[in-house]
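**Q** If you want the building blocks of each chain, they are given just below.
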Amino acid sequence: MEFKKILFPTKFRELAFNSLESILELKKAGLNEVVLTYIIPRDEVGFVPYGGYMKDEEERLREQARIRFESWQEAISSEGIESKIRIEVGNPVPKLLRIAEEEKVDLIIAGRKKRTVLGKVYIGSHTLELVRRSRVPILVSKYMVRFECEGDLITRVNDRIFTRPLLATDWSEPSEKALKLVSSFKGLADKVLVTHIIGVKISKGLDKSELNRIEKESKERLEEYCDRLKKDGINAEPHLFSGRSAHEIIRVAREHKASMIVMGTTGKDRFKEFWLGSVSHRVTEESELPVLLVP
Amino acid sequence: MRLGKWIAIIFLLSIFAFWVPVMATDQGVASTHDTEHGSTHGAEHAVAETGHGDVHPGSELHGHGDAGHGGHVNLGEVLKLWTCIPFACMLLSIALFPLLAPKFWHHHFGKVSAFWAACLAIPFLIAFKGVAVHEILHIILADYVPFIILLWALYTISGGILLKGTLRGTPIVNTIMILIGTVLASWMGTTGAAMLLIRPFLKANNYRKNRTFMVVFFIFLVANIGGSLTPLGDPPLFLGFLHGVDFFWTMKIMPHMLVTAGILLVVYFFLDTYHYKKEGLTSAPVEEGEKEPLKLVGTHNFIFLGGVVVSVLISGIVDWGEVNTLGIHRAVQDWARDGFLILMAILSLLTTSKRIHEDNDFSWFPIVEVAYLFIGIFITMVPCLLILKAGLKGEMGFLIAAVKEPMHYFWVTGTLSGFLDNAPTYLTFFNTALGAFYPGMPEAQAVPLLMTESSVYLKAISAGAVFFGSFSYIGNAPNFMVRSIAEEGGTPMPSFFGYILKYSLVFLFPTFVVVTLIFF
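Chains as they are written, first to last, in our numbering: chain A, 14 to 308; chain B, 124 to 643.
In isolation and in its complexed conformation, chain B is listed as follows:
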């Protein structure tokens, strides 16, 4: 059977799967309603009330009067677990297609993303009408748009900075380069820091025989762990920021980050020294061609990076009121921040020489890929987030009941982040924690409590999502960009499983055990 037919069948089944149970729930709730006046929470109300559009952020639906009719209906308590299937399929597509059908995936990932988004959105809209529209618009305007704007701005601006010159990749130089990248990652994003340094790093080591482990440690530290200190560093933390986590709260992960980065850098240094000696490179290699002095060009882009930091920071401090956009209430300062980020990126593009972008091999393709895939991820994850927010009353109550201790949050968030993208995973467990500790409480009230009363849990979720993002190639977007650039430059990289078995399990796993023993 042709692929198109399979797609059509899956799509029709998903509409059918949504529709029939909602009808059944309607009848069930109707009969309950007859007997239990005033206490019904069901799809009936969800569906009925959506027509009136009296919907409040956070998916809470308020009735219009009488009891059974005046109940406070939470969509998360109504939705079934299987509504998360498109989300799971979306993440599995990201995990499996690059392994099983890379060529198909490379050319059709946008269609795959659109397909799973449609599988969720169309039946969801048919079943829940106005509420569904609200929820989808909410996640797009409040999460996806700022998320992608920040990534795009950081990617664009850092693409205008170029490190030129001749560097010789000795163990000390390499360790320092990775250390600098780790420090920069929290301020220019893991993607920005990785893109800035990976080419000079590879160039500096092109005379070395064994370069694979270097790139892997570069992915560990620069493309992931380094980004754990600010919401600019790694996408999951920015999602946390968008949901009310203070800008500087993430600095509380510094001890965790220092321990992790410290262990990995020391291990890296010894490993590099070992290979350096083994390759017989104790004396300086013969320089080929002219030695070019080290030079950073496009440095004015640091001003724009500063603008990004300041605008994100200010948007977390000031309160300029709210504005209603397509029925979604968003803070004015959030729109202003997004506009300012776009301005910074455009100014960077206009003021940076084309030659710098070309020497950086700058391409829009990776960021376009992320934009296409994440619209699918964000739309399909709507039911999952709603169910988790409902806490024990939702169909994922079992998960909330099972994940209790900080170490559970660290390892479960982490393990899933390692094999799914870490941004949606963070948001999933962020909501799990909200559901577990503050069920039914509005996010604006619950998040400050999570940052203070239950901060160890939020630290565990944040550290888990960021650190474990390095566990596989699919944990975090910059991982695959670094891999692609390294392979193009002739550095052999391990396979998907080779990376996990030879590197993640050997170096990351014990390090994370140490982090758990110390902090969780």
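One chain only, chain A, in its complex shape:
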């Protein structure tokens, strides 16, 4: 499993180019083409009340995007990577999913939302919907984030994101896929932190012997994951914890200085997520680190 072709959608917010630059590192993991995409939201140019469609405005936005993309393309080609531009009008999320399907990309890069004083989450509704619905892996890149740590407001720049990934596994099929993906980080990652959290839901009400059995089994599996990575030439170390899964993953990633979090995701829809919750989506929303979700 490799990232040969990636879809890089952007709204041209600040630091979007820096975010792109940090992704180009993936060349070492096989990246050879970037599809630069800008979706002009239909509501921006269409359905002018009693007016119709602002063709001129569409043209202006297209032209503006094209010029910006062309300058980005120079930086991309200087890294020896090919690129193409797609500028379309439509509803952003379905349009992006369709383009991802048409272009057969291996990875979609999603942006981050500025975390506000009132808001607690790093990703917007579009990204969350994309995360829920995408059938290809998504990297929620958070190039520059601000977060509170022990009362201090810290600004963090996530630029070398592949150096120390934390692979959070729950032994599911998507986690297995995530492991295979991380295997392609050879040459990029110094060390992979393979982590499993024995969730509260599992450990609750179990007697000590049963807990010990689960712990032993989990350690063995973690070792097995690490061995597989080592066979692929990537240094890896196991970490086992118990507690509230999302909370623990975020804590461990911070404490062990992870550069990103990699997780499998079961792709729950809005309804299921409401009732069952989704660890991967919570981590994506709340962690200050980039999160790579593998469906």
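Please keep in mind that the hints were generated in silico from the structure rather than gathered at the bench.
Ideal Cβ placement from N, Cα and C applies to all residues, glycine included.
It cannot be assumed that every hint is accurate.
Cβ-to-Cβ under 10 Å is the rule here; a few derived chain B residues that face chain A [to be verified]: (1) 218; (2) 226; (3) 442; (4) 482; (5) 487; (6) 518; (7) 596; (8) 603; (9) 610.
Starting from the known structure of chain A, arrange chain B on it as the hints suggest.
**A** For chain B alone, coordinates are given in the frame of chain A:
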């Protein structure tokens, strides 16, 4: 000077304009009152009595006792003509901003609507207090809320139906598609029918060179004229229904509709055939890609559309009594209908695959726009409607005196509908007719008489509002939605004036003359 300052100045002037004349009227009426005991109709009473909140629907204020104090004051007889200025400005904003400043309008139409609504509402509330509150609440609860709920429900449900497949836009296929849309429009609303068919229609014709006239005729028939048979078809007719016009009464416009649609469809067919041959497309074009069979998906939504039809119909038949909401008396069956429409739309949303909405390019934006603009329209039109209802005693007596014959109603309602939105225009002339034929009579009694004794006038108003809605892009809400979708898809559309000069005057005007000669 900055725009904000101009807005503030206009706003302050409107408050001042309302306040000073009301004060003056107070004094004038007071002196009249001293000399003419018992017969005073004036703002004094309107203002004085509002404090007591003894207000009855239809803006009639009943006094509390003695003569000059016991008079039957009609706000419509007191209000000055200039109180209609915010309404005129609201409609002019809709007409001119999209032409002159489309980008500003696109991003600030809600503020413009709120501004004109505030220009009317704040001074109106200061001057007439309780009566003004009652009138504004009345138009919101009895007209705006059901109006927007119906539009939203039809828009939502029809957005869940998708016509898939490969169609080749030959003259016959195109004429049939427009005909189907014309028939559907009365049952799923002009907006619903237009949204259902415009994308397949454009897709079917994407190999044709000249597509502009096709979209224009689509607007004429599917987005307007087709909606003339039921109150579900076009917003003006639903407003008529809310004011007591029977559900099936609008079927009486069928002869008018058949003549109009018949002429336009025949003209369309010949025009399409002419272009088809001119483009050298007499033989079948080479199919690109795989041919997908025609398929209608999301068809379960027709059940919800049926639910909408039945609930609107039942609300016009049963009488479950009244309920007082914020001082406004509304029939229980009307609230039940509104609730049922919301339920139908929610069920449609829950049961329709997201993919269908996406393939339909479904967006809430157009309906949100309509909701924002119409709250402004409905609030600003309050004085205008009251004055018209007062008949010859109101300051628009000249209009009522001038508009006498059915053909006057057809052409005046129509012409204004073509350049203003047709829903408020319908309501304006509906009230003009009530004022002219049954001045001072409660609406519940007057409307049945208008449907029977003076039915030709109501037909003229209804047909005028619906048919002429197609005369310009701003006549009816679906016109701009269709235009937007066509332009986005690469079909060049005429400018505002180009549409009127090249199409409306050439095709619609003669057709409406024929309708006038036959029916009015």
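**Q** Work down the list of hints and note, for each, if the structure agrees.
**A** Checked hints:
no.: 1; hint: 218; verdict: holds, 8 Å
no.: 2; hint: 226; verdict: holds, 6 Å
no.: 3; hint: 442; verdict: violated, 38 Å
no.: 4; hint: 482; verdict: holds, 9 Å
no.: 5; hint: 487; verdict: holds, 9 Å
no.: 6; hint: 518; verdict: violated, 28 Å
no.: 7; hint: 596; verdict: holds, 6 Å
no.: 8; hint: 603; verdict: holds, 5 Å
no.: 9; hint: 610; verdict: holds, 4 Å
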